Amino acid sequence: MNKRGDEKLSKKLTFYAFIFILVAIVILSVFRFIGNTLDDTTFWRGYYAKDAGLMISAGETGRGVFELSYNTKKAEKPLVFNLKINNEVEIYDHDPNAKTKQSSTFKFIGDKKIKIEPAEIISTFFNIYIDDKKVNASKEAIKKDSCPSIDTKATLISNIKIYVDSDDKFKNFENLLINDLKISGFKIANSKYESDIDLALILANSSTNTLSFFYEHTPRKSEKISCIIKNKLVEKYPDKYSYYKINKIDYNSKWWFALSKSNVGLVFEINELTDDAILLIGDSAEEYYG
Amino acid sequence: MDEAGEGEGKWLLEMIPKLIFLGIAITVIIVFTALFIMNNLRTDDLEIDVFLNKLIYSKNTISYYDSMTGRTYLGIIDPNKLTEKNLNESMEYNGTMYAAKITLGSQEAYYLKSRYLNLEGLAKAKIKGPGGADYRFKKFEVGVMDNNVLRTETIKIEMIKART
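Protein chains in written order, with this note's numbering: chain A, 1 to 290; chain B, 1 to 164.
Possibly wrong hints are sitting among the right ones.
As the list claims (entries may be wrong) - To give an idea of the chain B side of the interface with chain A (calculated C-beta under 8 Å), a few residues:
| hint | residue |
| --- | --- |
| 1 | Ile16 |
| 2 | Leu19 |
| 3 | Phe21 |
| 4 | Leu22 |
| 5 | Gly23 |
| 6 | Asn60 |
| 7 | Asp66 |
| 8 | Ser67 |
| 9 | Thr72 |
| 10 | Ile76 |
| 11 | Asn86 |
| 12 | Glu89 |
| 13 | Met91 |
| 14 | Glu92 |
| 15 | Gly95 |
To be verified - To list a few chain B residues with every Cβ distance to chain A over 12 Å, as calculated:
| hint | residue |
| --- | --- |
| 16 | Thr43 |
| 17 | Asp49 |
| 18 | Gly75 |
| 19 | Leu82 |
| 20 | Gln107 |
| 21 | Ala109 |
| 22 | Tyr111 |
| 23 | Lys113 |
| 24 | Lys138 |
| 25 | Thr152 |
The hints are simulated quantities; they were obtained by calculation from the structure and are not laboratory data. This one's a predicted model, so the numbers in the text were calculated from it and none came from an experiment. Using N, Cα and C, we set each Cβ at its ideal position, and we do this for glycine too.
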């Protein structure tokens, strides 16, 4: 009799465990789905489409010239601003590898006597120009920002160990950067497996003319050094770069390990480097620790 | 008397619909949460205000425009421009959301008349939720420039914005 009761209890426990696992799977998968499709960028896509559309609609009502300096820097992902001829603003994720286009559109009330000049802009900053005959948009280069004021000063630069790596395309620049850092007095790590690496700097190739930075941990410190590098490049080449973003690196990235091992790690993704730009990156490391 | 194990089998069968219901309930909650997040960005009032401003302030709609000075007189209406044809020709909109009716004294004009008449009943019924429409109206005194004579008149602008 007791044996039969134990069996019954055991079956019930197995069944409840099954229910619990099933519910957990459902909740996790639904949250994951929502997390993927309705992330922060979804909100900003809708926001920027409506905001820019209403601005243009209001701007067309006014007299004279209306020039609007606009930016989409609050979105986590890079966004494309698409002004369409049929009084429509479309904002979509700039992701060349995406299978489907993630976009938000807003149709605004236009003026039939004011011509919309279509423009598709991949840039964080752009200008919208409205007069009594036309509306057009043009991209604007990124500007200098004030960097986080956290203290990253080192007592002795010669104690700072830096690991430098790069994609094949930038191997020559990697050597130049290593030499520049050595001249400045930094120690250079020979391998990413070394212990106590203070800073990992990785030069990665990008397909677009953007300044993209990736970190694994210590976001504020990573933001500070990326901001210093960006400001120096923008100062040197004021019209060259139209997009700047800093994001957490993907776990599957080949650079993830090097970044996770160091105290501060940064992947700097760019499509073109010059000797001057490399020297500016070296100066940035010096400024960061100085 | 039940056969051995028959009670447990029955109990298991009874649990299956409960399990399915639980799954549906979780999904519905999450979907509604997602919809709520998306609907946080409500700009209906702002959109109607921009539309209203366009109707009354735009050079090409109903405001009195002096071509000699290139100036639009805000708050002064040109009754000759208050026609359905002029409104439809001055504003361009490819969506299906907006329509308006403007009444100036005894004069009446529509922007997208057929859409306005289609949506009017729905909007005035104040039915909530998707598929409905919002109705707003503004009534105020304006100047009317009629054959170079300025007189005062009451204008009523009724706007409808469909929700989907």
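Hints versus structure:
Of the supplied interface hints, the one on Ile16(B) is violated, with its beta-carbon coming no nearer than about 10 Å to a beta-carbon of chain A, more than 8 Å. Residue-level restraint check for Leu19(B) holds (minimum Cβ-Cβ distance to chain A is 6 Å; threshold 8 Å). Hint on Phe21(B) is violated. Least Cβ distance to chain A is approximately 12 Å, over the 8 Å limit. This hint holds: Leu22(B) has a C-beta 6 Å from the nearest C-beta of chain A, less than the 8 Å allowed.
Taking 8 Å as the C-beta cut-off, the interface hint given for Gly23(B) holds, the closest approach to chain A being about 5 Å. Because the smallest distance between the Cβ of Asn60(B) and any Cβ of chain A comes to about 5 Å, under 8 Å, the interface hint for this residue holds. At its closest, the beta carbon of Asp66(B) sits 12 Å from a beta carbon of chain A; the interface hint therefore is violated under the 8 Å criterion. Taking 8 Å as the C-beta contact cut-off toward chain A, the hint placing Ser67(B) at the interface is violated, the least distance being around 12 Å.
For Thr72(B), the shortest C-beta to C-beta distance to chain A is roughly 6 Å, which falls under 8 Å, so the interface hint holds. Checking Ile76(B) against chain A by beta carbon gives a least distance of about 15 Å; that is not within 8 Å, so the hint is violated. Because the closest C-beta pair between Asn86(B) and chain A is about 11 Å apart, greater than 8 Å, the hint is violated. At a threshold of 8 Å, the smallest CB-CB gap from Glu89(B) to chain A is about 6 Å, leaving the interface hint in force.
Restraint check, Met91(B) versus chain A: the minimum CB separation of about 6 Å is within 8 Å; hint holds. Contact between Glu92(B) and chain A, as hinted, is supported at the beta carbon level, the nearest pair being about 4 Å apart and thus within 8 Å. About 4 Å separates the beta-carbon of Gly95(B) from the nearest beta-carbon of chain A, less than 8 Å, and the hint is met. Look at Thr43(B): its CB is around 6 Å from the nearest CB on chain A, not clear of 12 Å, so calling it non-interface is violated.
The Cβ of Asp49(B) sits about 9 Å from the closest Cβ of chain A, inside the 12 Å cut-off, so the non-interface label is violated. Distance check for Gly75(B) against chain A: the nearest CB is about 14 Å away, which clears 12 Å, and the non-interface claim stands. The claim that Leu82(B) lies off the interface holds: its Cβ sits roughly 17 Å from the closest Cβ of chain A, which is beyond the 12 Å cut-off. The beta carbon of Gln107(B) is kept farther than 12 Å from every beta carbon of chain A, the shortest such distance being approximately 22 Å.
Its beta-carbon lying about 16 Å from the closest one in chain A, Ala109(B) satisfies the requirement of being farther than 12 Å from that chain. The Cβ of Tyr111(B) does not lie farther than 12 Å from every Cβ of chain A; its closest approach is about 9 Å, which violates its non-interface assignment. Every Cβ of chain A is farther than 12 Å from the Cβ of Lys113(B); the closest lies at roughly 16 Å, confirming the non-interface assignment. Lys138(B), annotated as away from the interface, keeps every beta carbon of chain A farther than 12 Å; the closest lies near 16 Å.
Every beta carbon of chain A lies more than 12 Å from that of Thr152(B), the smallest distance being close to 24 Å; the non-interface claim holds.
The structure fails to meet hints 1, 3, 7, 8, 10, 11, 16, 17, 22 from the earlier list, while all remaining hints are met.
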